[in-house]
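S.K.: Chain residues, written in single-letter form:
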Amino acid sequence: AQTVTQSQPEMSVQEAETVTLSCTYDTSESDYYLFWYKQPPSRQMILVIRQEAYKQQNATENRFSVNFQKAAKSFSLKISDSQLGDAAMYFCAYRSANAGNNRKLIWGLGTSLAVNP
Amino acid sequence: EAQVTQNPRYLITVTGKKLTVTCSQNMNHEYMSWYRQDPGLGLRQIYYSMNVEVTDKGDVPEGYKVSRKEKRNFPLILESPSPNQTSLYFCASSFQGANYGYTFGSGTRLTVV
Numbered sequence: 001a002q003t004v005t006q007s008q009p010e011m012s013v014q015e016a017e018t019v020t021l022s023c024t025y026d027t028s029e030s031d032y033y034l035f036w037y038k039q040p041p042s043r044q045m046i047l048v049i050r051q052e053a054y055k056q057q058n059a060t061e062n063r064f065s066v067n068f069q070k071a072a073k074s075f076s077l078k079i080s081d082s083q084l085g086d087a088a089m090y091f092c093a094y095r096s097a098n099a100g101n102n103r104k105l106i107w108g109l110g111t112s113l114a115v116n117p
Numbered sequence: 118e119a120q121v122t123q124n125p126r127y128l129i130t131v132t133g134k135k136l137t138v139t140c141s142q143n144m145n146h147e148y149m150s151w152y153r154q155d156p157g158l159g160l161r162q163i164y165y166s167m168n169v170e171v172t173d174k175g176d177v178p179e180g181y182k183v184s185r186k187e188k189r190n191f192p193l194i195l196e197s198p199s200p201n202q203t204s205l206y207f208c209a210s211s212f213q214g215a216n217y218g219y220t221f222g223s224g225t226r227l228t229v230v
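So the sequence lines, in the order shown, correspond to chains A and B.
Reminder that position 14 of the first sequence reads as 14 in this note's numbering, one-by-one numbering, no gaps.
Reminder that position 54 of the second sequence reads as 171 in this note's numbering, one-by-one numbering, no gaps.
Calculated directly from the structure, the hints in this document are not laboratory data.
It should be emphasised that the depicted structure is a prediction, and the values quoted were computed from it without experimental measurement.
C-beta atoms are modelled at their ideal positions from N, C-alpha and C, and glycine is treated no differently.
Take these hints with a grain of salt, some might be off.
Claimed, not checked - Below are the PhoX-like pairs computed for lysine-lysine, each with C-alpha atoms no more than 25 angstroms apart in a straight line:
hint: 1; chain 1: B; residue 1: LYS188; chain 2: B; residue 2: LYS135
hint: 2; chain 1: B; residue 1: LYS182; chain 2: A; residue 2: LYS104
hint: 3; chain 1: A; residue 1: LYS104; chain 2: B; residue 2: LYS188
hint: 4; chain 1: B; residue 1: LYS182; chain 2: B; residue 2: LYS135
hint: 5; chain 1: B; residue 1: LYS186; chain 2: B; residue 2: LYS174
hint: 6; chain 1: A; residue 1: LYS104; chain 2: B; residue 2: LYS186
As the list claims (entries may be wrong) - Residues on chain B that point at chain A, a partial pick, calculated with CB under 10 angstroms:
hint: 7; residue: TYR148
hint: 8; residue: PRO156
hint: 9; residue: LEU158
hint: 10; residue: GLY159
hint: 11; residue: TYR165
hint: 12; residue: TYR217
hint: 13; residue: THR220
hint: 14; residue: GLY224
Take the sequences, apply the hints, and build the full model.
M.R.: Below is the structure:
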């Protein structure tokens with residue numbers, strides 16, 4: 001069974017600085033998708049960025065980028081020019097491309113990010 | 118606005134009193150799913166639906182029911198809630214393709230006393 005591990009329960013960053021959140025996963029599959037979701041205090045779960053495993057190029061969305069290392073099964077999230085609104089819980093999630101009908105996401109336990117002014 | 122609408126946002130109920138949490142999406146998504154979020158356990162899938170009249174169990178289906186009579190709606194039913202179902206519940210939807218991320222509802226904080 002696949003698992004997702006986020007080894008940093010809490011992190012903090014100064015406003016305008018860069019921070020990297022770690023995520024590792026365990027799978028025997030070669031085809032899958034990886035996601036980072038943000039959950040602010042409002043509880044809303046917001047998709048930040050996604051990566052297809054068959055793509056070598058790292059995904060980028062504005063200030064958010066990933067470092068996808070398929071062989072190492074690592075999927076870290078880098079937030080550049082951190083803003084106060086980035087303070088949230090961040091979840092890493094895995095989805096098999098071969099899960100049949102179920103599109104289930106397998107989740108890490110999250111990293112709580114604080115942004116200091 | 119494309120969204121998943123989940124109601125209510127907060128609910129306190131007593132053990133054994135049947136309740137329904139509604140979920141509706143306006144994006145014509147085929148796939149819908151319910152998750153519960155608990156501290157230390159993360160998010161776990163309760164039920165999912167591939168399309169109208171097609172539903173199946175996720176990882177923690179005990180004590181829950183769902184239905185998918187219309188494409189846009191996917192209610193979660195707790196016929197006899199118990200305190201261990203106190204949790205934060207999320208409805209989510211996506212297109213059929215596995216590479217799409219979910220769109221989530223805003224969550225329902227349920228407390229069963």
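S.K.: Can you list which hints this structure breaks, lowest number first?
M.R.: none
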